[in-house]
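What follows is the residue order along each chain.
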Amino acid sequence: MITIQGKGVSAGVAAGPLYFYQRAKAEVKRSTSAVFETEWKRFKDAQTKAIEQLGALADKARAEAGDEAALLFETHQLMAEDLDYEEAIEEALRGGINIEAVISDVRDQFAEMFAQMEDAYMQARAADVKDVSNRIIGILTGAVQGGIDSDVPVILAADDLAPSETVQLDKSKILGFITEGGSGSSHTAILARTMGIPAIIGVGDQLKAEYAGREVIVDGGTGTAVLEPDSDTRVYLMKKQEDQRKLQEMLDQLKGKENVTKDGHSIRIYCNIGNPEDVPTVLSNDGGGIGLFRSEFLYLGCDDFPTEDYQFEAYKKVLSDMGGKEVVIRTLDIGADKQIGYFNLPHEENPAMGNRALRICLNRPEIFRTQLRALYRASAYGKLCIMFPMVASVWEVREAKKVCEQVKKELDAEGIAYSSDVQVGIMIETPSAAIISDRLAKEVDFFSCGTNDLTQYTLACDRQNNDLGRFFDPHHPAVLRLLKLVTDNAHKNGIWVGICGELGADLQLTETFLSIGIDELSVSPRAVLPLRRKVRESNVAQVRDRLLGDLLSDQTSV
Amino acid sequence: MKSFDYVITDPVGIHARPAGILVKEIKNYTGCTVTVTKGAKSVNALKLMALMGMGIKQGDTVTVSVEGDNEEEVAAKIEAFFKTYF
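Protein chains in written order, with numbering that gives the first Met the number 0: chain X, 0 to 557; chain C, 0 to 85.
A couple of the hints might just be wrong.
[As the list claims (entries may be wrong)] Short derived list, chain X residues pointing at chain C, Cβ under 10 angstroms:
id: 1; residue: Pro16
id: 2; residue: Phe19
id: 3; residue: Met78
id: 4; residue: Glu117
id: 5; residue: Asp118
id: 6; residue: Asp308
[Claimed, not checked] Derived pair list, reagent style BS3-like, types lysine-lysine, alpha-carbon separation capped at 27 angstroms:
id: 7; chain 1: C; residue 1: Lys56; chain 2: X; residue 2: Lys337
id: 8; chain 1: C; residue 1: Lys46; chain 2: X; residue 2: Lys43
id: 9; chain 1: C; residue 1: Lys76; chain 2: C; residue 2: Lys56
id: 10; chain 1: X; residue 1: Lys129; chain 2: X; residue 2: Lys28
id: 11; chain 1: X; residue 1: Lys129; chain 2: C; residue 2: Lys23
id: 12; chain 1: X; residue 1: Lys316; chain 2: C; residue 2: Lys56
id: 13; chain 1: C; residue 1: Lys23; chain 2: X; residue 2: Lys315
id: 14; chain 1: C; residue 1: Lys82; chain 2: C; residue 2: Lys46
id: 15; chain 1: C; residue 1: Lys26; chain 2: X; residue 2: Lys43
id: 16; chain 1: X; residue 1: Lys43; chain 2: X; residue 2: Lys261
id: 17; chain 1: X; residue 1: Lys48; chain 2: C; residue 2: Lys82
id: 18; chain 1: X; residue 1: Lys316; chain 2: C; residue 2: Lys40
id: 19; chain 1: X; residue 1: Lys238; chain 2: X; residue 2: Lys261
id: 20; chain 1: C; residue 1: Lys46; chain 2: X; residue 2: Lys40
id: 21; chain 1: X; residue 1: Lys48; chain 2: C; residue 2: Lys56
id: 22; chain 1: C; residue 1: Lys82; chain 2: X; residue 2: Lys382
id: 23; chain 1: C; residue 1: Lys26; chain 2: X; residue 2: Lys48
id: 24; chain 1: X; residue 1: Lys315; chain 2: C; residue 2: Lys82
id: 25; chain 1: X; residue 1: Lys129; chain 2: C; residue 2: Lys76
id: 26; chain 1: C; residue 1: Lys76; chain 2: X; residue 2: Lys315
id: 27; chain 1: X; residue 1: Lys59; chain 2: C; residue 2: Lys23
id: 28; chain 1: X; residue 1: Lys129; chain 2: C; residue 2: Lys26
id: 29; chain 1: X; residue 1: Lys316; chain 2: C; residue 2: Lys76
id: 30; chain 1: C; residue 1: Lys82; chain 2: X; residue 2: Lys324
id: 31; chain 1: X; residue 1: Lys43; chain 2: C; residue 2: Lys23
id: 32; chain 1: X; residue 1: Lys400; chain 2: X; residue 2: Lys533
id: 33; chain 1: C; residue 1: Lys82; chain 2: X; residue 2: Lys407
id: 34; chain 1: X; residue 1: Lys315; chain 2: C; residue 2: Lys56
id: 35; chain 1: C; residue 1: Lys56; chain 2: X; residue 2: Lys129
id: 36; chain 1: X; residue 1: Lys316; chain 2: C; residue 2: Lys82
id: 37; chain 1: X; residue 1: Lys43; chain 2: X; residue 2: Lys129
id: 38; chain 1: X; residue 1: Lys129; chain 2: C; residue 2: Lys82
id: 39; chain 1: C; residue 1: Lys26; chain 2: X; residue 2: Lys40
id: 40; chain 1: X; residue 1: Lys408; chain 2: C; residue 2: Lys1
Hints in this document: simulated from the structure, not taken from any laboratory.
Using N, Cα and C, we set each Cβ at its ideal position, and we do this for glycine too.
Pulled out of the complex, with its shape left as it was, chain X reads as follows (with noise of 0.2 angstroms):
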């Protein structure tokens, strides 16, 4: 048995035979007295077969993966057809050099100009110029493409895929992947992830060549791969598998159901994101919308405030992406553990109950003013609720409400468009806004808990102390009660009030939920589907009694 470790990029457990990718080597042969006439020519011709071939990949990509995957063809085709690409190509082939040794140098020099550039994406675009070139050599010289020959279905190991490799295998040979190269953010990692098919990367020299042919199990989730398992491993891996298997399958069946227990009683489940990038995984696992959007992204990933048009920009993503389904954006959450330089904000003692979130907004309008402009403005373009973090008193809200009617009387002014019907609702973290959630209800359209931060203060313990763990204890009945509370303050004023702290996601606590009336979970995207099972096997009214007696009663029930 030899175990090789790599990094997992695409989750699942798969057993078969090793095979290497058999790659068509085109021989190039180099000469130094072809007449450039004819081979410019023949450049023009194979450039031309070059862009319908990667048309028609783009096609297949499309149909088997999305319009990402398409896209990346697309890109393909300009560079072939690049006016850089074709310059240095003409200047080479006017030293009389063959156009299959042109190609040949122009793509390593090309290459090597995006694997020294310092971003991680940029250079993952040498494999990009490799593989263009390559597609015009192999035209050129008529070289046959390579493949899986293999009359049963494999666990593919390469150095690393090009897309196009990718895209062009014949997907019922495969099982899994194996690079030796490679990135996360490699198109064939994120092809693999977008097919289903487990696949580990950067196994360096651990891949032998005298491996071929021999039985091997990979593990996407763990990046581990298993060479001649023994018989322990084999049936632990395998029974890994099984169970997945079988959890996906249920999972999958629940896409496009609704989110209701066997007595009726229904429930919307959102996500939670960070970043516009992760709109697709809510939407590929059936998120009813998104119930947390953190904003904070945009200002961690600038050297200095981030401007109304940048703002603009991210939010109209997120909310034209969602096509319609709700999208609570929170504004700026940073102070406590979230310090960013530029804010010059004074090193404090006990930064958890000092200047952040929204009081750093309210202290400093000018920062505020340009996140709702930026906000209204996206509003246009979807479906738009704005929640306000770590509210503790009324007046905070009336004058942060104060600040968007003002807003919007400047959108009005310098005729700009945006929603009328933009729902302006709260975070729940404080022990305070629960209290008095009965009045801060009348002053928006909806509620959110923040289970995280109500835990830490309600209890009074330090969420981020490791040595706190048995305290913290976010299942307590004081963060439970509260949270009751607040729903039944919201329901008394007809507003509606969710989740979005971790807590959502508690499958042991959906049941507890669900009695209590909270109307929206927003979790994170991966999380949707098995908190559909639970609401699903649930059956409130067997429940609800118990559960709320329990919860209420001035007995501990242990």
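Let chain X serve as the given structure and place chain C on it in line with the hints.
Below, chain C alone, put in the same frame as chain X:
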């Protein structure tokens, strides 16, 4: 010559695909030479690989200059294009 400064707001900057879109757009203005400058580096905006090679990121300021027929009008169109895509 007509030029404008622009701060890139798109989170991905001018990467492969956005660079491709820009090249396609610039191809519409055959009477003009469009140059993109970042710091000390300048490239012809028709050159995809060179443009990608600049590694233009979110937050970077670029200067775009347009020289040729109807440069005023073309510069305004390109500026609007930047605002939409970058």
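Comparing the hints with the structure gives:
With a cut of 10 angstroms, the hint placing Pro16/X at the interface with chain C is violated, because the nearest CB-to-CB distance is about 36 angstroms. Annotation: Phe19/X was flagged as interfacial toward chain C, and the flag is violated, the nearest CB pair being 29 angstroms apart, outside 10 angstroms. Hint status for Met78/X: holds, given a least beta-carbon distance of 6 angstroms to chain C, under 10 angstroms. For Glu117/X, the suggested interface contact is upheld, since its CB lies about 7 angstroms from the closest CB of chain C, less than 10 angstroms.
The beta carbon of Asp118/X comes within 6 angstroms of a beta carbon in chain C, closer than 10 angstroms, and the hint placing it at the interface holds. Restraint check, Asp308/X versus chain C: the minimum CB separation of about 6 angstroms is within 10 angstroms; hint holds. Pair hint Lys56/C plus Lys337/X holds up; C-alpha atoms about 24 angstroms apart against a cutoff of 27 angstroms. Under the criterion of a C-alpha separation no larger than 27 angstroms, the hint pairing Lys46/C with Lys43/X is consistent with the structure, at around 18 angstroms.
As the CA atoms of Lys76/C and Lys56/C are separated by approximately 22 angstroms, the hinted pair is consistent with the 27 angstroms bound. For the hint linking Lys129/X to Lys28/X, the alpha-carbon distance of about 18 angstroms falls within 27 angstroms, and the restraint holds. Distance restraint check for Lys129/X and Lys23/C: the Cα-Cα separation of roughly 22 angstroms lies within the 27 angstroms cut-off, and the hinted pair is therefore satisfied. Note on Lys316/X and Lys56/C: the hinted pairing holds, with a Cα-Cα distance of about 18 angstroms set against a maximum of 27 angstroms.
Restraint check for Lys23/C and Lys315/X: the C-alpha separation of about 24 angstroms stays at or below 27 angstroms, so the hint holds. Restraint check: the Cα-Cα separation between Lys82/C and Lys46/C comes to about 20 angstroms, which is no more than 27 angstroms; the hinted pair holds. Proximity of Lys26/C to Lys43/X is assessed by CA-CA distance (about 19 angstroms); at most 27 angstroms being required, the pair is judged to hold. For the suggested pair Lys43/X and Lys261/X, the alpha carbons sit about 65 angstroms apart, so the restraint of at most 27 angstroms is broken.
Pair hint Lys48/X plus Lys82/C does not hold up; C-alpha atoms about 35 angstroms apart against a cutoff of 27 angstroms. With a CA separation close to 31 angstroms, the supplied pair Lys316/X and Lys40/C exceeds the 27 angstroms bound. Restraint check for Lys238/X and Lys261/X: not satisfied, since their Cα atoms lie roughly 31 angstroms apart, outside the 27 angstroms limit. Our distance criterion of 27 angstroms between C-alpha atoms is met by Lys46/C and Lys40/X, whose separation comes to about 21 angstroms.
For a cut-off of 27 angstroms, the pair hint linking Lys48/X to Lys56/C is broken: about 33 angstroms separates their Cα positions. Taking the CA atoms of Lys82/C and Lys382/X, the gap is about 23 angstroms. The hint holds against a cut of 27 angstroms. A threshold of 27 angstroms between alpha carbons decides the hint, and for Lys26/C with Lys48/X the separation of about 22 angstroms falls inside it, so the pair holds. The straight-line distance between the Cα atoms of Lys315/X and Lys82/C is roughly 13 angstroms, inside the 27 angstroms bound, and the hint therefore holds.
Between Lys129/X and Lys76/C, the direct Cα distance comes to roughly 34 angstroms. Violation of the 27 angstroms bound is thereby established for this hinted pair. The hinted pair formed by Lys76/C and Lys315/X meets the criterion: a straight-line CA distance of about 22 angstroms does not exceed 27 angstroms. Of the supplied pair hints, the one linking Lys59/X and Lys23/C holds, its CA atoms being roughly 23 angstroms apart against a limit of 27 angstroms. For the given pair, Lys129/X sits about 25 angstroms from Lys26/C by alpha-carbon distance, which is consistent with the 27 angstroms threshold.
As the CA atoms of Lys316/X and Lys76/C are separated by approximately 22 angstroms, the hinted pair is consistent with the 27 angstroms bound. Among the hinted pairs, Lys82/C with Lys324/X is consistent with the structure: their alpha-carbon atoms are about 26 angstroms apart, no more than 27 angstroms. A hinted pair counts as satisfied when its Cα atoms are at most 27 angstroms apart, and Lys43/X with Lys23/C qualifies at roughly 19 angstroms. A threshold of 27 angstroms between alpha carbons decides the hint, and for Lys400/X with Lys533/X the separation of about 37 angstroms lies outside it, so the pair is violated.
Taking the CA atoms of Lys82/C and Lys407/X, the gap is about 23 angstroms. The hint holds against a cut of 27 angstroms. Distance check on the hinted pair: Lys315/X and Lys56/C sit about 20 angstroms apart at the alpha-carbon level, within 27 angstroms; holds. This hinted pair checks out: Lys56/C and Lys129/X have alpha carbons roughly 23 angstroms apart, not beyond 27 angstroms. With a C-alpha separation of about 14 angstroms, the suggested pair Lys316/X and Lys82/C falls inside the 27 angstroms cut-off, and the hint holds.
Taken as a hint, the Lys43/X and Lys129/X pair is honoured in the structure, with Cα atoms around 18 angstroms apart against an allowance of 27 angstroms. Distance hint between Lys129/X and Lys82/C is unfulfilled; the C-alpha atoms sit about 32 angstroms from each other, more than 27 angstroms. This hinted pair checks out: Lys26/C and Lys40/X have alpha carbons roughly 23 angstroms apart, not beyond 27 angstroms. Distance check on the hinted pair: Lys408/X and Lys1/C sit about 35 angstroms apart at the alpha-carbon level, beyond 27 angstroms; violated.
Hints 1, 2, 16, 17, 18, 19, 21, 25, 32, 38 and 40 from the list above are not met by this structure, while the remaining hints are.
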